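Asks: Sequence:
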Amino acid sequence: MALWIDRIIKPSETNEAPAASDQIRSDIAVVVTVLFALLLALGIRNQVYSASNTAMLDDGALRFAYPERWVARQGDESSFSAVNLGSASTYDARLEVTSRPLREGESLELARFDRGLKLASSLDSYRELEAAEMQVLNGVPALVATYAYVADPTHASGAPDLPVVVEGQDVMFVLGDRFYVVALTADATEWEAGARDFAIVTDSLRLIDAPARAPAPGFQGGSNTAEGGN
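Counting from 179, one number per residue, gives the positions in the sequence shown under our numbering.
Keep in mind that the hints were calculated from the coordinates and are not lab data.
Remember, it's a predicted structure, so these values are computed and weren't measured experimentally.
Honestly, I wouldn't trust all of these hints.
What the hints assert, rightly or not - Quick list of the computed label-pair ranges, beta carbon to beta carbon:
id	residue 1	residue 2	range
1	ARG247	ARG391	31 to 41 Å
2	ASP236	ILE206	54 to 64 Å
3	ASP237	THR268	32 to 42 Å
4	VAL261	MET234	15 to 25 Å
5	PRO389	SER285	18 to 28 Å
6	ALA250	LEU340	22 to 32 Å
7	GLY238	ILE206	48 to 58 Å
8	ALA298	SER256	15 to 25 Å
9	GLY264	GLU287	28 to 38 Å
10	ARG391	ASP237	33 to 43 Å
11	ARG251	ASP330	19 to 29 Å
12	ASP339	ARG247	18 to 28 Å
13	ILE386	LEU280	17 to 27 Å
We treat Cβ as the ideally placed atom computed from N, Cα and C, and that holds for glycine.
Start from the sequences and build out the full structure, keeping to the hints where you can.
Replies: What follows is the structure, given as structure tokens:
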């Protein structure tokens with residue numbers, strides 16, 4: 179027994195501690211391996227979240243991308259939707275793209291006004307929060323409206339749950355003689371979390387701010403006018 183105890187507590191002659199320089203090299207190799215694994219995992223994750231599919235409306239008049247993880251629901255030639263079934267909320271983030279013919283004499287502004295009236299009459303507690311002039315598809319004028327409303331996504335199934343405040347953004351523009359609406363909606367508390375997914379859609383539309391308009395000839399700012407009056 180004493181012999182076995184002696185063998186256990188006595189350091190092995192063939193298992194000497196490595197030199198300090200060897201230990202440092204070993205530690206560096208471990209750190210590099212861990213960092214490489216983390217970067218590889220991050221790259222795979224980003225690739226998954228940035229992967230996209232392409233859809234089109236009206237025989238290819240409009241082409242756009244949507245997140246590959248979302249479930250697509252193609253309607254007719256003039257409608258398309260995709261839903262993120264992995265949303266944390268009971269209200270799944272979604273994309274809805276529609277088009278319709280312009281009415282005689284109808285402009286983008288009038289079509290947008292008509293869209294707002296329909297939303298206000300069909301959605302509970304609908305409120306428009308912001309509207310801005312922008313551009314899509316390399317120079318096509320667009321109007322972007324941000325809004326909110328209250329939805330009860332579990333009502334139809336009979337499951338008891340609290341209503342959800344939904345935030346939405348409509349990108350509206352005209353191509354040819356058709357009025358297009360690209361609508362993104364999500365639980366308002368999940369809007370920021372879905373920004374990466376929404377960007378896949380808006381980037382495919384090449385959505386950018388509209389150029390600033392030059393002031394009309396002869397226009398003077400308020401401060402200059404006041405000074406002239408003195």
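Asks: Hints first: check each against the structure and report whether it holds.
Replies: Now the hints, each set against the structure:
| no. | hint | verdict |
| --- | --- | --- |
| 1 | ARG247 to ARG391: 31 to 41 Å | holds, 40 Å |
| 2 | ASP236 to ILE206: 54 to 64 Å | holds, 59 Å |
| 3 | ASP237 to THR268: 32 to 42 Å | holds, 36 Å |
| 4 | VAL261 to MET234: 15 to 25 Å | holds, 18 Å |
| 5 | PRO389 to SER285: 18 to 28 Å | holds, 19 Å |
| 6 | ALA250 to LEU340: 22 to 32 Å | holds, 29 Å |
| 7 | GLY238 to ILE206: 48 to 58 Å | holds, 55 Å |
| 8 | ALA298 to SER256: 15 to 25 Å | holds, 23 Å |
| 9 | GLY264 to GLU287: 28 to 38 Å | holds, 37 Å |
| 10 | ARG391 to ASP237: 33 to 43 Å | holds, 35 Å |
| 11 | ARG251 to ASP330: 19 to 29 Å | holds, 21 Å |
| 12 | ASP339 to ARG247: 18 to 28 Å | holds, 24 Å |
| 13 | ILE386 to LEU280: 17 to 27 Å | holds, 24 Å |
Of the numbered hints given earlier, the model fails none.
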